[in-house]
Each structure stands twice: as C-alpha cells, then as structure tokens.
Amino acid sequence: MADNSSGFAVAGTLGTTSGRGDGDGSDIPAILITENASWDESRKPTVVITGAIHGNEWATPEVCLGIAEYLLANKDNSEAARDDFGMLINEAAQKTGDGKTEKKIVPSISDIARLLKTVQVVIVPVLNPDGYDFSHTDAGRKSYYGAGWRPNRRIQGLLDQDIVCYRQDGSQYASVPSDVDRCFLADFDDTADGGDLEEEEVVVCESRDGSSLYLFEPSLNVDSAEMFDALYGSTDPARVVCASSQRRVWKDAWPLIGEDTVALKTARADGYLQESSGVDLNRNFQYKWDVVQDQKHLFIRSRSPSSRMFRGRKMISEAETAAMERLVARMNVVALIDYHAGSTQVLYPYAYSTTEHAEHTYLGKRWGKNDYEAFRLLSEQIASILNRHDRGDPSIVNFTAAQNYNDVSVGSGVARDCYYQTERIAAINIEVHDKRYTYENEEFRSIVPKICKINVPGAVWFMFWAADLGARVED
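If you're matching positions, the sequence shown starts at 177 in this note's numbering and goes up one per residue.
Hints in this document: simulated from the structure, not taken from any laboratory.
No experiment lies behind these values; they were computed from the predicted model shown.
No residue lacks a Cβ here, since even glycine has one placed at the ideal position from N, Cα and C.
Watch out, some of these pointers could steer you wrong.
Straight-line Cα separation of at most 20 Å, EDC-like style, residue types lysine to aspartate or glutamate; simulated pairs [stated by the list, open to error]:
| no. | residue 1 | residue 2 |
| --- | --- | --- |
| 1 | Lys490 | Asp198 |
| 2 | Lys545 | Glu532 |
| 3 | Lys441 | Glu382 |
Just the calculated beta-carbon pair ranges, DEER-fashion [unchecked claim]:
| no. | residue 1 | residue 2 | range |
| --- | --- | --- | --- |
| 4 | Asp200 | Tyr320 | 21 to 27 Å |
| 5 | Arg621 | Ile433 | 50 to 56 Å |
| 6 | Thr530 | Ser351 | 33 to 39 Å |
| 7 | Ala368 | Gly322 | 20 to 26 Å |
| 8 | Glu618 | Thr530 | 36 to 42 Å |
| 9 | Asp252 | Asp338 | 56 to 62 Å |
| 10 | Asp345 | Arg621 | 48 to 54 Å |
| 11 | Gly409 | Asp200 | 41 to 47 Å |
| 12 | Arg502 | Glu255 | 22 to 28 Å |
| 13 | Asp366 | Asp583 | 32 to 38 Å |
Build out the structure end to end from the sequences listed, making use of the hints.
Dropping the structure here:
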C-alpha cells in the first residue's frame with residue numbers, strides 16, 4: 177500500500193509486543209498517511225486510528241485498512257468526499273459554509289486532498305498482534321465461551337511476585353497476610369461428570385494454614401458488588417482477594433475432606449494450578465487504572481492475572497501500551513479512534529464512570545461548548561453517518577452515541593480516558609459489530625466488507641473535524 181502511494185504513505189512499526197514475556201515479541205505494524213509522509217514529522221497535527229487492541233475483535237483491522245485505502249485512493253481528490261452510495265460525507269458543510277451551527281459541529285474541510293495537507297494519519301490495524309494471531313487458533317477461538325482470545329499473550333509466571341493480596345480500598349499488602357484466608361478467581365471444571373469448563377466463574381479460598389481449599393459463595397456472581405462485600409465482610413474467618421501468576425481451576429469431582437472443603441495437596445496434584453497468560457491492554461493505561469469506587473464488581477477480575485480483563489501488575493506494564501505512549505509523546509496527536517467490536521456504539525470519555533463527565537474545554541471551546549457537549553455532538557454525528565444506509569444485516573445497524581458501553585458499563589485504565597485526560601486528545605471508541613467478535617470464513621467474507629463500508633465515512637468525517645483542532649491543547 178505504501179509503496180504505491182506516491183509519497184503519501186510510509187510503513188513502519190510502533191515497536192514490539194510483550195510476546196510471551198521472554199523477548200519473543202512481534203512487530204506492531206503501522207502506516208502513516210499524509211502529503212510528503214515521513215515518520216520524522218512530529219509537529220503536524222496527527223490523527224491516530226487503532227484496531228484489535230483486543231485480539232478477538234476481527235473486524236477492526238479490516239476497518240483500519242479500509243480507511244487507509246480510502247485515503248490513498250482519494251489523496252489527489254479535491255472534490256467533496258463521498259461514501260460508497262455517493263452521499264457527501266460532510267454534507268452539512270455544503271449547506272452552511274461555516275464551521276458551526278447551533279445543533280451540529282460542522283468541519284471546515286470536506287475533501288481528502290486538503291485533509292492530507294492539513295493532518296497526518298497514523299493507522300495501527302492490529303495493536304495486539306500476538307492476541308490477534310492466537311485468537312485464530314482452535315484454542316484461541318474457544319476461549320471464554322467461544323468469544324475468542326481478548327488480551328495479549330504475556331505469560332504471567334514470568335512476572336516478579338507470585339502472590340499479591342489486596343485490601344478493601346484496593347491498596348496492596350506489602351506481604352501476604354498470614355491471618356486471613358486468601359481468595360482467588362477460578363474456573364469451574366465439571367467435565368468429569370459430563371459438564372463444562374466454565375471460565376472465571378467462581379471464587380476459591382485457600383485456608384490460612386495452607387491445608388485446604390473451598391468454594392466461596394458459589395451462588396454469587398464473581399462480577400458483582402455482592403461478592404466483593406461478602407468477601408471483605410467476612411470475619412470468621414477473615415478473607416481478602418489475592419492474585420497470583422497461576423490460573424486456578426476448581427474441579428467439582430474432587431473428594432471432600434469436610435463440608436465443601438478439599439485438601440489443597442490433593443488439588444495441587446490434580447491440576448489446581450495452571451499456566452496463566454494475557455493482559456487486557458485496554459485496562460492497562462494510566463488514567464484511573466486503580467479505581468475501586470463504583471467498580472466493586474470489577475475488582476476481582478481486573479486484579480486477577482487469570483482473567484481476560486486483567487489490568488496488568490502496574491499501569492503501562494505492557495510493551496503494546498508503552499508503544500502507544502511513545503507515539504503520543506513524540507507526535508502532535510490531536511484526535512484518536514480506537515476501534516472495537518461487541519456493540520454498535522460511538523463512545524466518548526469517561527469510561528470509568530457513568531456520572532463523571534468531561535467538563536473541560538480543551539476541545540469544545542472552539543465551538544463555545546464544554547468537552548462533554550462537544551464529544552456528545554460529534555459522536556452523535558458519527559453515529560448518524562454510520563446509520564445512513566441499510567446494509568441488510570441487523571447486527572450492524574442502529575449505532576448510538578454514549579459515554580459508556582451499553583450505556584451502563586464502566587472500565588478503568590481505558591485508552592480513551594487516558595488519551596483525553598492526560599494528553600487532551602479527542603479520543604473516542606467506535607464499536608463496529610453488535611455482540612460479535614470472531615467469524616467463520618464465509619461469514620467473515622460476507623459481513624466484514626459491509627462493516628468497512630459503514631465505518632469508513634464516519635472515520636473520514638471525524639478526521640475532517642479533527643483537522644480543525646490544530647495543535648494539541650497545552651497547559
């Protein structure tokens with residue numbers, strides 16, 4: 177693609193991944209698109225577009241590549257950009273001729289030639305190549321009830337500390353407390369009786385003397401505030417949430433030595449401790465990485481290396497997130513789209529809360545609005561562009577704009593929150609496919625091209641808008 181771009185594109189890498197943790201990382205490929213493209217240019221306003229930060233979100237790299245192809249196909253086109261149905265992408269600009277209206281934010285740029293003179297676009301189709309590759313294997317596709325492998329592939333056993341335990345406020349004990357039972361996230365294995373292996377389904381507790389193991393409140397959901405309160409409300413015995421570099425598996429066929437209790441020695445001899453790998457890269461960013469308030473239901477999973485939502489042992493612990501930090505520090509990044517799958521939404525900061533809003537004026541003051549209002553209006557406009565045409569599939573329609581995934585979900589250490597709050601970047605997520613992540617071959621060939629055609633115009637409009645931001649707002 178870059179070789180045939182007449183100087184409008186140059187390929188490169190952001191760095192290498194964490195790999196399995198032993199120096200075997202993969203390159204993180206990227207392409208830079210602009211007039212007279214060069215990775216040495218650091219002052220030009222930059223829009224970053226990323227895909228597959230979660231390995232199982234297979235449509236997102238294709239969307240990123242579709243955006244790159246559209247930009248390069250129209251690099252010399254000074255006519256107003258259109259979608260594949262021939263509709264103007266920045267339609268409102270042709271009607272108003274100015275940069276703002278009362279109810280809409282209208283970009284001043286409408287064509288790709290002018291866009292690429294004004295900004296440079298860095299596209300990272302697969303930010304998590306190790307997780308993405310593994311998600312295409314049989315084991316990776318089966319992961320988490322068939323949703324596919326989400327995190328990267330770092331082996332947790334290569335990390336420094338074996339067991340860490342947490343107080344109720346989220347702070348870490350300096351050493352493992354000896355006067356409490358230690359409780360861990362675990363899988364539930366009922367395969368010996370013809371059942372299933374249920375991932376991240378239960379909490380198991382190890383007695384303080386290290387002799388026995390038991391299920392804790394199996395009727396409670398692991399991802400619930402009730403489970404958190406029950407654990408930390410325990411008094412006889414007292415219990416705390418702990419995590420280790422190993423995955424724990426409770427086997428329902430184990431012989432009991434007491435009421436609901438198994439000898440830890442027996443469990444260890446029969447596969448209780450297994451290899452654990454992976455960090456959820458979109459929980460590894462620095463802003464609100466350690467939130468507890470209003471996130472009790474996420475506490476156990478986010479701190480457990482065996483969870484697909486493990487946040488990492490420290491913020492920016494992974495080579496992939498560190499590579500993004502270096503890119504943002506080196507270039508004049510003003511806006512960013514992070515593509516995901518799982519719903520049909522355009523999401524803006526803050527992911528960590530349903531009540532706190534982006535009330536600054538880093539971005540919105542250009543239109544006489546605070547940033548929350550600016551984010552809401554631009555996200556609604558992108559959603560309306562994505563909803564323009566019926567593509568014949570109900571799972572890729574009805575895009576909405578929202579602060580939170582499915583309107584109510586929260587998450588800490590999320591990319592869009594970090595880029596906006598710490599760097600004043602206009603960062604959004606776009607979710608491209610409702611309740612879908614991986615595909616069979618025929619479905620991939622059928623649905624993913626439609627997803628790309630839907631999303632390219634929305635990205636182009638966002639880049640038109642971002643071009644009006646100019647330089648990143650500084651202190």
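Taking the hints in turn, this is what the structure says about them:
1. Lys490 - Asp198: Distance ~18 Å between Lys490 and Asp198 Cα, so the pair holds.
2. Lys545 - Glu532: With Cα atoms ~17 Å apart, Lys545 and Glu532 stay inside 20 Å; holds.
3. Lys441 - Glu382: Since the Cα atoms of Lys441 and Glu382 sit roughly 11 Å apart, the hinted pair holds (cutoff 20 Å).
4. Asp200 - Tyr320: 21 to 27 Å: holds, 24 Å
5. Arg621 - Ile433: 50 to 56 Å: Because 55 Å falls inside the window, the suggested range holds.
6. Thr530 - Ser351: 33 to 39 Å: holds, 36 Å
7. Ala368 - Gly322: 20 to 26 Å: holds, 22 Å
8. Glu618 - Thr530: 36 to 42 Å: holds, 39 Å
9. Asp252 - Asp338: 56 to 62 Å: holds, 59 Å
10. Asp345 - Arg621: 48 to 54 Å: Check passed, 50 Å falls within 48 to 54 Å.
11. Gly409 - Asp200: 41 to 47 Å: holds, 44 Å
12. Arg502 - Glu255: 22 to 28 Å: violated, 37 Å
13. Asp366 - Asp583: 32 to 38 Å: holds, 34 Å
This entry does not satisfy hint 12, going by the numbered hints stated previously; all others are met.
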